[in-house]
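> Here is what each chain is made of, one letter per residue.
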Amino acid sequence: MTQGTSRFAAVRRRTGVWVLTGLMALLLSTAGRLAYVLKTDGERLAGLAERQQFKRIVLPARRGSIFDDRGRMLAGTRRVPDAFVDARLLFNLIESEHPDEGAREAAFRDWCDQVAVRLNLPGAKVAELIRQHSASSYVVLKRELDESEAAAILNLDDAFSRAVGVTPASARVYPLGSSMAHVVGFVGREGRGLEGIERRFDEMLRGTDGERRTTCTVSRGSLDLRLDGARDPADGRHVVLTTDAEIQRIVEEQLASAVEKFSAESAVGVVMDPRTGDVLALACVPTYDPNEPAGSPTAARRNRAITDPIEPGSCFKPFVGALALQEGFVSSRESINCHHGQHFFGARRVRDTHPQGYLDLKGIIVHSSNIGIGTIATRMPKEAMERFVRSFGFGAPTGIELPGESGGIVKPSSMWSGYSTVSHSFGQELAVTPLQLVTALCAMVNGGELPAPRIVRGVLNADGSVVEWSEGMNVVRRVLREDVASLFGEEILPAVVEDVQEGNLKSQKYTSLGKTGTAQVPYPNRPGYEPGAYVGSFLGAGPVGDARLAVIVMVRKPNPSKGYYGRTVAGPAVKAILEQSLEYLGVPPDRESKVGVRLTDLGG
Amino acid sequence: MLNERSERAEGLTHGAWFIVVAGALTCIGLMIVASGSASLQRPLLGSEFLKTTFGRQCVFVAAGTGVMMLTAKAVGPWLLASRDRLRAAAWIGVVAAVVSLVSVKIFGDVTRGSQRWLKFSLGGFDIGFQPSELAKPVLIGFLALFLTRDGVDARSLRKTFIPVLGMIFCGGLLIGLEDLGTAALTCLVACLMVWIGGCSYRHLIALGVVSVLGLAALIWFEPYRMDRLWAHQNLWNDPQGKGYQGVQSLLTLGSGGWWGRGLGAGVQKYGYLPESRTDFVFAVLCEELGFVGGAVVVALFIAFIWLGVGAMRTARTGVETLLAFGLTALIGFQALINIAVVTVWIPTTGIPLPFISAGGSNYLVFSAMVGMLAAIGTRSAMNEVAVPNEISEES
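Those protein sequences? They're chains A and B, same order as listed. The letter at position 223 of the first sequence is residue 223 when you use my numbering, and the numbering goes up by one with no holes. Each number in my numbering corresponds to the 1-based position in the second sequence with 1000 added.
Because the hints were derived from the structure by calculation, they are not lab data. Heads up, some of the hints might be wrong.
[Stated by the list, open to error] Derived DEER-like restraints, expressed as beta-carbon distance ranges:
#, chain 1, residue 1, chain 2, residue 2, range
1, B, 1153, A, 43, 58 to 66 Å
2, A, 43, B, 1221, 47 to 55 Å
3, A, 173, B, 1224, 54 to 62 Å
4, B, 1224, A, 40, 24 to 32 Å
5, A, 35, B, 1202, 35 to 43 Å
6, B, 1274, A, 59, 29 to 37 Å
7, B, 1163, A, 50, 56 to 64 Å
8, A, 36, B, 1274, 22 to 30 Å
9, B, 1088, A, 223, 49 to 57 Å
10, B, 1224, A, 103, 27 to 35 Å
11, B, 1096, A, 158, 45 to 53 Å
[Said to hold, decoys possible] A partial selection of chain A residues facing chain B, derived with a Cβ cut-off under 8 Å:
#, residue
12, 10
13, 30
14, 38
Yeah, the Cβ is synthetic: ideal placement off N, Cα and C, and Gly gets one too.
If we strip away everything but chain A, and leave its shape as in the complex, we get (with noise of 0.2 Å):
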């Protein structure tokens, strides 16, 4: 008990206590250590934190589908599986499964073959894919899987099944192929609607994708879910159109005829209701299929009838026409020189197809005479005729419901030359689109107002109900006095189709009326027209008095030796698609009686 006492002094027990109470005091620093941290980058460090701990879940909509009028499908969404490899957990399980590096290879193999045999893939092409992308979490090993094969991935129960999985994903449908395609449009790989309806009304198909939020490890397992933030999927609209895919069918038909036939570049067809502006069809000839949309030309996938404006040519003389007449610079029964085909209007020389001595104002635009035409032209200052053409809406968009629409091209008329009203008179110098030049052609059939042309009919919730719904016609503006409509939509158009014999275009049961146009198409990039192109069309529409249809088509670049006027090329095609889509409306024949007394007549 006395041992260590005779060597305590030399102990600095004092020295000791000092120490110690300096190591306290770093302890005590230490916390506030701690405390500097959290108080000069606690929040940047918990929101560092925050980051790396979070993920997020993508519950995606569904896209809401596209109907016709009838209730067609035309793009619906199909809930379809991928199936996946999480690269980075697979080989993390192959090497704590075999230890030693030689028989990793071989599992790996028979592994991808299992699963390639579900997938019924090429083995090798699995392993190749896991392998480019071995760091990844998510290697899409097949998309659009079936039923049976999404089962085998699902039923798979190996040591390295966990690695493998489906995942939910949608592919956008398009029941009728190529049929209407330019209207319904398509979408892209990453579901973005890339063209047509699916563009324009994209964020409304779309939908709103739902989110969920869950705290990770750092090999991303979700441990909890998050209450702040999640949401619900929100599925997207359907678009309901006013087309009708059974007269889209017709149309498309008629076309793709027409351009057999003439060996023509394309062609465009447009059907409207003039009673309401409804567009019932549109078509581009040729098409492509927005199912696989990568495998035609892009110039396929344009929507001429809207975005390439053209010169109208002959089919633009009845809209001048009414509103001289409207407007007193002609009357009707007034009889003007046509100058037998040919007549210098300053120094331009105009001629006329048909050439004629005196024609009223209805013999011009049956005949199509460019000079008497052009004579009522040179009655009316500049001014008057560029108001006369973008009061029938040329030279502004129609505003339908499609994207990439162009207004066409009129110049200012303190642009013009002194000849420039002449021209613009029988459809020159000046560009419109094929839906214009139908739009204002129902303008000339109801009675003289003109519509706004529509292609939505609606909007429905996911779940069916109503979000806009519209119907009858929106009136941009009246162009023409009734009587001057009735004029030309019941007596001098219906003449070019009733009176003229060459070329019959009369339909045997119902009565029509139509402008011819037969147009040169300029060079793209320079002055002046290419020799042996043209544009033939044929402006239509029936029946007379109470017009249900009014239709345009235009066939570009038809071989010339095969014809090229827009009686021959086009005009055929609007009868038939006259014709038939009245008989498919259930609209009653108003000739039928003349066919049942020829039939009388025969059978007598």
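Position chain B against the provided structure of chain A, taking the given hints into account.
Just chain B now, with coordinates in the frame of chain A:
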């Protein structure tokens, strides 16, 4: 001396308080280790309980508690009662430490680039033994004895200082081969003991210079240590690479904030923060219990050192004084360095937090150290006022 008397009047002996504080830290540690052992793959309490870090820690804590009580009540007083016994025990310890330190270099398992572990299997229960853990208290005990030899002047260069220097150098070198952080810590505490033990100041300054130079040399010649220093300087330049550990430690602290996310609610332990149950357990503690929890732990360590101060002031003999100082300083510095590393104050070194970090051999060694401190505390109290305290201890 009055202070100690009034403390003791509360009902616990000074020695017992050591055990209470260490026990509190151990309980906190177990809680955090349990939380850190949570896994998405399997339940914590299952058939493989003893293979989880928490299960193993429970075993170690149980064994450690036994060691602590045994040391405090029987082995400690028995050893302290006779200088010869202490000397014999120290020599046994020295031999065991040297043998194990050498053999770890030959047979040891390599973990993360360092050869630190001797592995044993006890009926299927794997134990990793880290010889440097044993070497620390052995060196301290040996120094305490050597500095208080009978009839030798502690100020003597030849008789005390040179041999002591040799001991520290050899011990430091042996430990340093395996674990630089532990070596530096041990040398630091050993040098402090030489100072407290009464050596000449001139010699001490020389020793300090030599130690610093040696440390610098070790850092210089082991490139991965340079990397650690570099990483500390430029933590945010390479948060995914060399700075990863430090950045994640800071994020863990930030994630917890002042009040913590709640016990068990930490996220950083799920793979983000490496060593989250051992060297960086303090960060996880702060994430779950916040600054408040961290401060409580720091306060407990300060309380432990305060107890050490008390034991030192009342120790009966020089060797007990030095032992109390050395053991307290070792535990205190280890806590200091660990927390400083976790709060990215100093570069990363592999120093566990006493009583809290999961680990087998270090917990057992700490238990023995606490037992020894308790024994010293109790003995000094008995010496001070004999009878009344015997009674209060019973009650």
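> Give a verdict on every hint.
Hints and how they fare:
{"no.": "1", "hint": "B:1153 / A:43: 58 to 66 Å", "verdict": "holds, 59 Å"}
{"no.": "2", "hint": "A:43 / B:1221: 47 to 55 Å", "verdict": "violated, 41 Å"}
{"no.": "3", "hint": "A:173 / B:1224: 54 to 62 Å", "verdict": "holds, 59 Å"}
{"no.": "4", "hint": "B:1224 / A:40: 24 to 32 Å", "verdict": "holds, 30 Å"}
{"no.": "5", "hint": "A:35 / B:1202: 35 to 43 Å", "verdict": "holds, 41 Å"}
{"no.": "6", "hint": "B:1274 / A:59: 29 to 37 Å", "verdict": "holds, 34 Å"}
{"no.": "7", "hint": "B:1163 / A:50: 56 to 64 Å", "verdict": "holds, 57 Å"}
{"no.": "8", "hint": "A:36 / B:1274: 22 to 30 Å", "verdict": "holds, 24 Å"}
{"no.": "9", "hint": "B:1088 / A:223: 49 to 57 Å", "verdict": "holds, 55 Å"}
{"no.": "10", "hint": "B:1224 / A:103: 27 to 35 Å", "verdict": "holds, 32 Å"}
{"no.": "11", "hint": "B:1096 / A:158: 45 to 53 Å", "verdict": "holds, 50 Å"}
{"no.": "12", "hint": "10", "verdict": "holds, 4 Å"}
{"no.": "13", "hint": "30", "verdict": "holds, 4 Å"}
{"no.": "14", "hint": "38", "verdict": "holds, 6 Å"}
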